[in-house]
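For the sequence shown, position 153 matches number 153 in our numbering, and the numbering has no gaps at all.
No lab work stands behind these hints, which were simulated from the structure alone.
No residue lacks a Cβ here, since even glycine has one placed at the ideal position from N, Cα and C.
It is possible that some hints are incorrect.
[Stated by the list, open to error] Per label pair, the in silico range of CB-to-CB distance:
#1 LEU49 with ALA114: 35 to 41 Å
#2 LEU247 with ALA114: 39 to 45 Å
#3 LEU61 with GLU116: 40 to 46 Å
#4 LEU253 with PHE50: 23 to 29 Å
#5 GLU116 with VAL138: 36 to 42 Å
#6 GLU116 with VAL35: 17 to 23 Å
#7 HIS159 with THR218: 39 to 45 Å
#8 ASP192 with LEU56: 17 to 23 Å
#9 MET194 with GLU116: 19 to 25 Å
#10 THR218 with ALA60: 40 to 46 Å
#11 PRO122 with GLU221: 34 to 40 Å
#12 ALA114 with THR218: 36 to 42 Å
#13 LEU56 with GLU221: 33 to 39 Å
#14 LEU260 with ASP44: 18 to 24 Å
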Amino acid sequence: MNTLATKTRTPTPTRPPQPEDAPRGLLRDTAIVMVRELRPVLHDPFSLLFGMIQPLVFLALFGPLLVGSLGGQADGALGGDVWQWFVPSILVMTALFGTSTTGSNLLYELQTGAHERMLVTPLSRPSLLVGRSLKEMVPLAGQAVIIVAVMTPFGFQLHPVGGLLGLAMLAVFGVGLGSLSYALAIAVRKQDWMFWVVQQTLLFPLMILSGMLLPLDTGPEWMRVAARFDPLAYVVDAERALFAGDLTSSAVLWGWVAALATAAVGLTVGIRAMLRSAD
């Protein structure tokens, strides 16, 4: 009798997913992926320490060279103090290098089968992209604190609100760039050496045309025209304005437009590439 009752018992209906659960689920899945990606970094303190020191080395070597090459016109050419102009550039460059190499970790997971195991989990597909990209923002936040602490005695002025908004913009831009890197890794997974060929071929022209390392005001006309089509140029200008405390600058608005557009395009391309890789 009990057995029959057990077999005929009506199962308790489960609550269907509610629309308000979707954002919470995405945030939870993104946090899971980000923590998973951070664990190897935390267990490898040498690479983490090297990543913290590398931007300082670049500032120490390239900063004085920048001042010397521009001579007495440095302040005019850069629109202010050289460090106020150059420190945000270093933070952008650090985020650029970190998020653009997100796909290199994916290539290893494709070879070991870890990627396929992730695809069969209930994690949402966007969280796999966003979590991997945001993982690069955690070391960047630590680097920003160290860089600001070191450069403050040299005249760099920190505006906390602008700095936090600048890091948020870099996170949005990094999500888009990391997703594009993810899609590139999937596209060249059978010839993984092509990842570095494409990444390096695109990375350095984008950096130079953004005016990140040298101002383009005195450059040839064709470079200034090409820079208008470089989304990184708008992000760099916005970061300089934000770290200078100029929150209402038009450069900030265009920087957010470039960052959001990059994130939208990157997520669209990345999710499509991921779904195709699962077929």
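Quick rundown of the hints versus the structure:
{"no.": "1", "hint": "LEU49 with ALA114: 35 to 41 Å", "result": "violated, 26 Å"}
{"no.": "2", "hint": "LEU247 with ALA114: 39 to 45 Å", "result": "holds, 42 Å"}
{"no.": "3", "hint": "LEU61 with GLU116: 40 to 46 Å", "result": "holds, 43 Å"}
{"no.": "4", "hint": "LEU253 with PHE50: 23 to 29 Å", "result": "violated, 36 Å"}
{"no.": "5", "hint": "GLU116 with VAL138: 36 to 42 Å", "result": "violated, 26 Å"}
{"no.": "6", "hint": "GLU116 with VAL35: 17 to 23 Å", "result": "holds, 21 Å"}
{"no.": "7", "hint": "HIS159 with THR218: 39 to 45 Å", "result": "violated, 28 Å"}
{"no.": "8", "hint": "ASP192 with LEU56: 17 to 23 Å", "result": "violated, 32 Å"}
{"no.": "9", "hint": "MET194 with GLU116: 19 to 25 Å", "result": "holds, 21 Å"}
{"no.": "10", "hint": "THR218 with ALA60: 40 to 46 Å", "result": "violated, 25 Å"}
{"no.": "11", "hint": "PRO122 with GLU221: 34 to 40 Å", "result": "violated, 54 Å"}
{"no.": "12", "hint": "ALA114 with THR218: 36 to 42 Å", "result": "violated, 49 Å"}
{"no.": "13", "hint": "LEU56 with GLU221: 33 to 39 Å", "result": "holds, 35 Å"}
{"no.": "14", "hint": "LEU260 with ASP44: 18 to 24 Å", "result": "violated, 33 Å"}
The structure shown violates the earlier hints numbered 1, 4, 5, 7, 8, 10, 11, 12 and 14.
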